[in-house]
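Colleague: Chain residues, written in single-letter form:
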Amino acid sequence: MAVEQLAPAARPPLFYDPRVRAIFYQLLALTLVALGGYYLVNNTLANLARQGIASGFGFLDTTAGFSISMSLIPYSEESSYGRVFLVGLINTLLVSGIGVFFATILGFLIGIARLSRNWLIAKIAAAYIEILRNIPLLLQLFFWYFAVLRTLPSPRDSVQIFDSFFLNNRGLSSPSPLFEPGFSAIPIALAIGIIAAIVVARWARKRQEATGEQFHSFWVGLGIIIGLPLLAGIFTGFPLSWDTPELVGFNFVGGMVLIPEFVALVVALSTYTAAFIAENVRSGILAVSHGQTEASFALGLRRSQTLRLVIIPQALRVIIPPLTSQFLNLTKNSSLAAAIAYPDIVLVFAGTVLMQTGQAVEIIVITMLCYLILSLLISGFMNWYNQKMALVER
Amino acid sequence: MSEQGQSYTTGQHPDLPAPVSTTGVIGWMRVNLFATVPNAILTILAALFLLWFIPPVLDWAFFSADWAGQTRDDCTREGACWVFIKVWFRQLMYGRYPVEELWRINLAYVIAAAAGLLLFVPGLRGKPWIGLFLLVGFPIIAFILFVGGNFGLPVIETPLWGGLFLTLVISAVGIAASLPMGVVLALGRRSNMPVVKALCITFIEIWRGVPLITVLFMASVMFPLFLPEGMNFDKLIRALLGVMFFSSAYMAEVVRGGLQALPKGQYEAAQALGLNYWKMMGLVILPQALKLVIPGIVNTFIGLFKDTTLVLIIGLFDFLGMIQLAGTNPDWLGFAIEGYVFAAFGFWIFCFGMSRYSQHLEKKLHTGH
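If you read the protein sequences in the order shown, they are chains A and B.
Residue numbering for the first sequence follows our numbering, starting at 256 and increasing by one per position.
Residue numbering for the second sequence follows our numbering, starting at 23 and increasing by one per position.
One or more hints might be untrue.
[As the list claims (entries may be wrong)] Calculated cross-link-like contacts (lysine-lysine; reagent style BS3-like; alpha-carbon spacing at most 27 angstroms):
hint, chain 1, residue 1, chain 2, residue 2
1, B, Lys219, A, Lys378
2, A, Lys643, A, Lys461
3, A, Lys587, B, Lys219
[Claimed, not checked] Chain B regions said to be covered by chain A (calculated; three or more residues, Cβ under 8 angstroms):
hint, stretch
4, 234 to 241
5, 356 to 365
Since the hints were derived computationally from the structure, they do not count as laboratory data.
The beta-carbon is built from N, C-alpha and C at its ideal position, and this holds for glycine as well.
Pulled out of the complex, with its shape left as it was, chain B reads as follows (with noise of 0.2 angstroms):
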C-alpha cells in the first residue's frame, strides 16, 4: 500500500494487465459460452446433453467391457463384448479366404503401402514411375496374387473373399477405373462432334439417375442374358462393371465441373501454340482442370468406398457383409452393436482419413491467389 500515494503524469502509467474477465480461459468462457443469456442456456443444455450421453457410452465401450476370452460365455459383464470381434476377426479382415494364403494378400497390402509411402518422401526422384506402378504394374501383380492359377498359387475362387479385403478390391477398381473413364465421358460431354456427346450425356445421365442398388440387381441378373450362351461372368465382376460403371458417371461429372471452370484462354492459347486436341487437354486443360477437381474427386472416392456395402444386397460378403453374416451365426447372436460399432470405426478411420487428405492436398496444389 505504499504506492498509494505516489501520482502519475499522463501518459506514464504503467501497462495494466488486461481484466481477468476478458483473458485466459474465463474470458475465452464469457466469448465463446456465456456471452448472452440465450447463449449461457443453450451451453449448459448442450453440456447436460454430453454428461448424460458420453459417460455411458465410454462405460459401455471400454470400462465395463470384455475383452478376454475365446466363447460368448467369457462375456459376463454388461458392457461391450469385444470378445465377438476377437474371434471373427480373421473373416472380417478377409472373408473365407484361406488361411494358408492369407500371406498373398497381406504381401499386396505392403507392395501397396510401400509404393504408396514413398510417394509422400519429399524430395524423391521419380515418383511419376510409383505412380504409374501402382496404376498398372500394381493390379497386375494384386490380381496374379488373389486369384492365382499361375506361379504355383493355387486357385482362389472368388466367392471365397470376403471382409475388408473384398470392400477394399472393389472400391479400389471401381476407384481406378471411374478415374480415366470418367475423364474420357467429360471430354465426350464437352465435345463439339453432337453424336459423341449425345452418347456421353446418356451414359452419364442413365447411371447417375438410378440407384446404385438398381445397377447392382441389373449387373446380376441381366448381365448374365446379355453374354452368349455358355459365357459366363463370376458375380464379383459384374458386380465390379455395375460400380465401375456408376462411379465413372459421377466421375465424370466430376470432371466436367473442372473442365467449365477453365477459362476459354487456356484452350485458346493451347490451340494457338498448334496444340492438337489430345496434347491441348493432356498438357493444358487437364492438369489444370484435375487439380481444380480434387475436392470432387476425393468426395467421389468416399462415396464410392461407402457405396461398396451395397453390394452385400447381390450376397457378395463384404466387410458389412461379413459382420451380418456373423452375428447371425447362433453361437452369437445379440452382438449386433459391437459389430456395427465396430465396422462404423473402420469405416469412419477410411473416409475421414481420405478427405482430411483430400484438404490437405487441396492447400498444397492451390498455386492461385
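This is chain A alone, in the form it adopts within the complex (with noise of 0.2 angstroms):
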C-alpha cells in the first residue's frame, strides 16, 4: 500500500514544482510590466502627438531668453536651453556641497554637545535636535527666507560687518579677489605644501611603526602647508586685492553678492540636516563600548589620545553608513530651492525650461537621472570611505 502511495509522489504534478511555478510567476510578472509599459508608453505618444510636441532633446539648443539671477558660468538670455541646464546643475551642486560641509561640521558639534558631561550644554543640544528634526524643512527654509532674509534692511540701511560685509534684503554683499599676475605662485605653493604634508606624515608613520619614535606630524605638515603659500606671496609680493562692495545709488556695486535665496537655502538644509547627523553621531560614539575607553585609559592614553585614536576611529564606521543617507538626503532636499526661488536645476530646468517648452517627459527624465546619478556618485564614495575605515578582520 504504502508503495503504491508513494510512488506518484515521485513526480509531482508540473504546477506543484516550485522551479516551473518559479518560472510561471517571474513570467507573469514580466508580461504585467511589459503590457503596462506598452500601454503608458502608447498613450504618452499619442498624446504628444495631439499636443503637436516633437519629441526628443534638440530643444536643448534652442535660445532659452529668460535671465538666472545667480550662475558661476556665463550666461545670458541668448543662452540655450543645454546652458539653463549646467547652470541648474551647477548651482545643485555648489548648494548641497557647502550645505554638506556646514551640516557635517555642525551635526558632530552639537552630537558632541548632546553627549557632553554639562548638563545645560547636553540639554539645549538636545533641544535644538529635537526642535528642529520634527518641523518641516520647506517651513524651516520659509522661515528663513521670508520672515528673517526678506525682512532685513534695504542696501542703503544694511548690517554692517567689518566695513567689508553688508547684509541686507538683496543678499549679504561681501569683497571679492582680484588676482594679479603671479598670483598663480601662491596656489601652486599650496599643492606643493599639501603634497609634502602628506609625504611627511606617511614618512613619520613608517618610522614610528617601525622604530616607535614618534614625529609631530600634524603640526610639521601644518606648518608645510600654511608656510610655503606664505613665502611664495612674499616673494611675489602678494599679488591679490580686494573689490569692496560700495553704495552706489540704491543698490551696491563691486565685490561679490550672495543672493538670500542661497543664503537661506544653506543655513536652512546644514541647520536641518545636521539636527540628524547630531543624532547620528550620538548613537556612534555610544556604541563604542565603555570598555574600550577604560582600555585605553589603562595603556596610558590621555583622554585626548583616548578620543582620537581609539574611540572617534570606531565611530566612525558605526556613523558613516547613516551619514551617507544624511548627505544624500540634504542633495536631494536641495530641490527644495524651486520654493523660495533659488534657480537650482528644478526650479529652471524643471521649471521654466519645462513651461516654455512643454517637452515634460525629457526634461523630468534628465533632472531625475541627474539626481540618481548624484545619488549613486554619492554613496558610491562612501561606500569606499566605509570600507577604507571597515574593521579588518580574518
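Make the complex out of the two chains shown on their own, each in a separate frame, by following the hints.
Modeller: Put into C-alpha cells, the structure is as follows:
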C-alpha cells in the first residue's frame, strides 16, 4: 500500500514543481510590466502627437531667452536651454556641497555636545535636535527666507560687518578677490605644501611603526601647508587685491553678492540636516563600549588621545552608513530651492524650461537621472570610505 | 559644645551626612555644571545665551502679544499678532471646504479618534477588528464623507480641500498605502526569483534616488500624458500617487532591514514545519521583522508627514500652503512669522508625538533580553 501511494508522489504535477512555478510567476510579472509599459508609452506618444510636441532632445540647443539670478558659468538670455541645464546643475551641486560641509561640522559639534557631561550644554543640544528635526524643512526654509532674510533692511541701511561685508534684503555683499599676474605662485605653493605634508606624515608613520619614535607630523604638516604659500606670497609681493562693495544709488556695486535665496537654502539645509547628523554621531559614540575607554586609559593614553585614537575611529564605522544617507537626503532636499526661487536644476530646468517648451518627458527624465547619478556617486564614494575605515577582520 | 569632651571608640562613630558640597542642589551643580574650569565657562556662556534668547521670545509670543480682535488694526502692541491665526483658523484647518459641510470632516476625525482610542484601552478584546476597521472600513467611510455624491451628501471638489485636513489626508493615504506596498516590495527584493528581484530593486532605487519634488513634478506634468485621451485624474490623486510610490520605496528598505536582521534559523524552522511561502512570511517572519523595525517605520511616517508640505509646490494648499496664502493676503501682509510659528508648532506636536509613541512601543514590544 505504502509503496503504491508513494509512487505517484515521486513525480508531482507540473504546477506544484517550485521551479516551474517560479518561472511562471516571473513570466507573469514580466508580461504585466511590459503590458503596463506599452500602455503608458503608447498613451504618451498619442498625447504628444495630439499636442503637437516633437519628442527628442533638439530643444536643448534652442535659445532660452530668460535670465537667471545666479550663475557660476557665463550665462545670458541668448544662451541655450542646454546651458540653462548646466547652470541649474552647478547651482544644485554648489548648494549641496556647501550644505554638506556646514551640516557635518555643526552635526558633529551638536552630537558631541549632546553627550557632554555639562548638563546645560547637553540639554540645549537635545532641545536643538528635537525642535529642528520635527519641523518640516520647507517650513524652516520659508522661515529663513521670508521671515528673516526678506525682512532685513534695504541696501541703504545694510547691516555692516567689519566695513566690508554688507547684509541686506538683496543678499550678502562681500569683497571679491582680484587676482593679479604672478598670483598663480601661491596656489602652486599650496599644492606643493599639501603633497609635502602627506609625504612627511607617511614617513613619520613608517618610522613610528618601525622604531616607535614619534614625530609631530600634524604640526609640521600644518607648518608646511601654511608656510609655503606664505613664503611664495612674500616673494611675489602678494599680487592680490580686494574689490570691496560700495553703495551706489540704491544698490551695491562691486564685490560678490550671495543672493538671499542661496543663504536661506544653505542655512536651512545645514541646520536641519545637522540635527539628524547629531543623532547619528551620538549613537555612534555610544556604540563604542565603555571597556574601550577604560582599556585605553589603562594603557596610559590621555583623554584626548583616547578620543582621537580609540573612540572616534570605532565610532566612525557606525556613523558613516547613516551619514551617507543624510548627505543623500541633503542633496535631494536641495531641490526645495524651487519653493523660494533659488535657480537650481528643478526651478530653472524642470520648472521654467518645461513651462516654455512643454517637453515634459525628456526634462523630467533628465532631471531625475541627474539626481540618480548624484546619489550613486555620493553613495559610491561613501562606500569606498566606509570600506577604508571598516574593521579588518581575519 | 558639650560633646567636645566626648570620645568615641573605633567603629562607633555616628554616620555623618555627606559633605554639603556633594549633595543637593549644590552638589548636583558642582558635578553637572561646574566640574572643571572650561566646563564652568561653557555653562556661563550657555546660560548667558539662554538669557539673551528666551526672554525676548517669550515676550514676543505671550506677554506683549495681541490676542483679541478681528482685523489687523487690533494688533497694536509690538509682540506677535495672534489675531491673524484666529481670523484664518478655519481656513488653516479645513481649507476652503464649505462651512456647512465641515461636520463631515469633524465626524471622520471623531470616528478615527474613537477607534484609535479604543486601541489603547488595555485588555479590550477584539482589537484586531478595530485595527482592521481603521485600515479598511474607515478609509471607505472617510472617502464617502469627504468627497460626497452619495447618501444625499453634496460633492465637494478637491480644489476646495486644504489646510491641516489636506495634510492629514495626504499623509494618512501615504502611510496606509506605503506599509503594504513596502512589505510586498521588500519581499520581492529578497525573493529568489531573479526577474521579480530585479524589478523590485529597480523600482525601489529609482524612487529613493530622486527627490520628492521631482516625483511631484512628474506626477503633475507626466501622469496626464500617460493616460488615454479624455481620461484625467484630479490633481490631488496625482499627488497622492506620487507620494504613495515614493514612501513605499522608503518603507520597503526599512522592512528589508528587518527581514535581514532575522536569523536564518527562523526561515528554516518555518519551512521544516511545512509552511508554504506566504504562511511562513505571514505567521513567522513578518511579525518578527516588522516588530524589529518599528522605530524605522515610525521614522518613515514622520518623514512622510513632514514631506507632505511639498505638495504646495504643485499648487495644493495644505497646512503650510494655507499659511503662505493667508500671509500673502493684502489685508494681512507682514504676519509671516506668526504663521510660521503656528505651523511649526502644529507640525512639531504631531511629529514629536509620533516619535515619543514609537519609543514607547519599542520598549513595550521589546521581548528580547
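Colleague: Which of the numbered hints are not met once you compare them with the structure shown?
Modeller: 1
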